[in-house]
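Engineer: Protein sequence lines, in the order shown, are assigned to chains A and B.
Read in our numbering, the first sequence has 138 at position 125, and its numbers run on one by one without any break.
Read in our numbering, the second sequence has 156 at position 143, and its numbers run on one by one without any break.
Quick caveat, the hints were computed from the structure, so don't treat them as lab data.
It is possible that some hints are incorrect.
One copy or two, either will do: identical chains are not told apart, so a pair holds if it fits within one copy or between any two.
Claimed, not checked - Straight-line C-alpha distance at most 30 Å; calculated DSBU-like pairs for lysine-lysine:
{"hint": "1", "residue 1": "Lys64", "residue 2": "Lys238"}
{"hint": "2", "residue 1": "Lys252", "residue 2": "Lys189"}
{"hint": "3", "residue 1": "Lys252", "residue 2": "Lys89"}
{"hint": "4", "residue 1": "Lys210", "residue 2": "Lys189"}
{"hint": "5", "residue 1": "Lys223", "residue 2": "Lys210"}
{"hint": "6", "residue 1": "Lys74", "residue 2": "Lys17"}
Number of protein chains: 2
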Amino acid sequence: MDLKEKYGEWGIVLGATEGVGEAFCKKLAEGGMNIVMVGRREELMREKAEKFKAEYGVDYKVVRADLSQPDDACDKIFAATEGLDMGFMSYVACLHHFGRFQDVDLATHEQCLNVNVISFLRIFHHYMKDFAAKDRGAVINVSSMTGISGSPFNGEYGAGKAYILKLTEAVAYETKKTGVDVEAITLGTTLTPTAMKNFPKGPAGDAVVKIALTPDQVADEAFEKLGHEMSIIAGERNKASVHDWKANHTEDEYISYMGAFYEN
Amino acid sequence: MDLKEKYGEWGIVLGATEGVGEAFCKKLAEGGMNIVMVGRREELMREKAEKFKAEYGVDYKVVRADLSQPDDACDKIFAATEGLDMGFMSYVACLHHFGRFQDVDLATHEQCLNVNVISFLRIFHHYMKDFAAKDRGAVINVSSMTGISGSPFNGEYGAGKAYILKLTEAVAYETKKTGVDVEAITLGTTLTPTAMKNFPKGPAGDAVVKIALTPDQVADEAFEKLGHEMSIIAGERNKASVHDWKANHTEDEYISYMGAFYEN
Chain A
14 MDLKEKYGEW
24 GIVLGATEGV
34 GEAFCKKLAE
44 GGMNIVMVGR
54 REELMREKAE
64 KFKAEYGVDY
74 KVVRADLSQP
84 DDACDKIFAA
94 TEGLDMGFMS
104 YVACLHHFGR
114 FQDVDLATHE
124 QCLNVNVISF
134 LRIFHHYMKD
144 FAAKDRGAVI
154 NVSSMTGISG
164 SPFNGEYGAG
174 KAYILKLTEA
184 VAYETKKTGV
194 DVEAITLGTT
204 LTPTAMKNFP
214 KGPAGDAVVK
224 IALTPDQVAD
234 EAFEKLGHEM
244 SIIAGERNKA
254 SVHDWKANHT
264 EDEYISYMGA
274 FYEN
Chain B
14 MDLKEKYGEW
24 GIVLGATEGV
34 GEAFCKKLAE
44 GGMNIVMVGR
54 REELMREKAE
64 KFKAEYGVDY
74 KVVRADLSQP
84 DDACDKIFAA
94 TEGLDMGFMS
104 YVACLHHFGR
114 FQDVDLATHE
124 QCLNVNVISF
134 LRIFHHYMKD
144 FAAKDRGAVI
154 NVSSMTGISG
164 SPFNGEYGAG
174 KAYILKLTEA
184 VAYETKKTGV
194 DVEAITLGTT
204 LTPTAMKNFP
214 KGPAGDAVVK
224 IALTPDQVAD
234 EAFEKLGHEM
244 SIIAGERNKA
254 SVHDWKANHT
264 EDEYISYMGA
274 FYEN
């Protein structure tokens, strides 16, 4: 798809360094859009951006920003895109911390909240104002099945992902009849570098890896459905799993299933 | 139920002035617990607290605090309960603002976020540390069906309610085998003073009022199931409605239903 023609010259991906964010950047480059990559590892982003430039002839900017510092991060990001013809944004970045809620200190919870909720809110709002004013642009925000089920021992992460999901769904409806396409994509297990560090050991982890999607598979579905659906669950197996839990189990059963997963 | 015997001397309700918060205070008083009422209207809280004192012989404290100012509010609240034998907390407070996401200014969104997410996180964490250390206490946090469906034209509110729901569910599982009982209760339309100001006019609003619960009905179910269930949807009709949407409709259909509700 000619994304540049449809949405604008530049797209920004928050959490672009690797995994799903990197796969989204590749989609933008394939679609002819220049890319603003935001993450913490500047050199790694630059390496990958140079590859996109060589392969697809697109321009790029790299913004080193720590989304757990919303004031500073937003200043840098908004300054870097000031005056550009922005046409796409995607919030992929997230941060989590395992442990019982009250055993993790508040500063750590707030650091996660800054990434998963506060920076998300500010950045989504900033680009939506621009896109709505031009009646042109697209957003794909990334949630997680932990935002649907709840996530014991990782509860604040699941809560943040629920926030992203429900805000994005609402905005997707609000913009449905406009030139701005908004989509929430909810991921199950995805073979990203971060996820692969966190899989539980043993059979539970092995079973999960077998049915996991790759970042490219997620990106294919996300961009294919952009403008057609508001809220999608990535992959057929995840869709079927969520539907089964919603249709055939109580809330308590779904939470308990998720809790038992990390209790092992 | 003798709540004092089971959970401790004092309970705190955030958003205690009227509606569901007031009904929860009454439950605490009936169960023999002293009450810390937190809200913005000090005189009104004091009037109601005096009634509970007269009727049930319990002690009370009233804390005037604005939960949209988390630093100041938490200082006041934690100081007021310092040294008390706390055994219950409930977060009922919430704030919303109608409008398309990008048409509401960021300061207003962040004010809502402060009430619905940041003060909630800090206060829940504060009392959970205390309850977990004593292995004794109870929490009932209040969510909304907008947190399950998403809430177009009121999107950030629904997102905050999803955050409360998913964090509370996770903590409920983590504490399931302990002396601390944690519950999330998700409300449909409830006949509170705030809700009654916001009902849409005409047949849609009338239909909603007919099936709404009273705050006392919500409180009865919330306290009856405390310690037995982790996540409940208040009322049989709301339970059936949520189950029907989850089992028989897509995410997009659920969002569209909610969106059409406020579009009229």
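Engineer: Now look at each hint and say whether the structure bears it out.
Structural biologist: We went through each hint and held it up to the structure:
1. Lys64 x Lys238: within (26 Å within a copy, 57 Å between copies)
2. Lys252 x Lys189: both (23 Å within a copy, 29 Å between copies)
3. Lys252 x Lys89: Answer is neither: 37 Å inside a copy and 46 Å across each miss the 30 Å cutoff.
4. Lys210 x Lys189: between (38 Å within a copy, 28 Å between copies)
5. Lys223 x Lys210: The answer is within: 15 Å in one copy meets 30 Å, while 52 Å across copies does not.
6. Lys74 x Lys17: Intra 16 Å, inter 60 Å, cutoff 30 Å: intra-copy only.
Violated hint: 3 only; the structure is consistent with all others.
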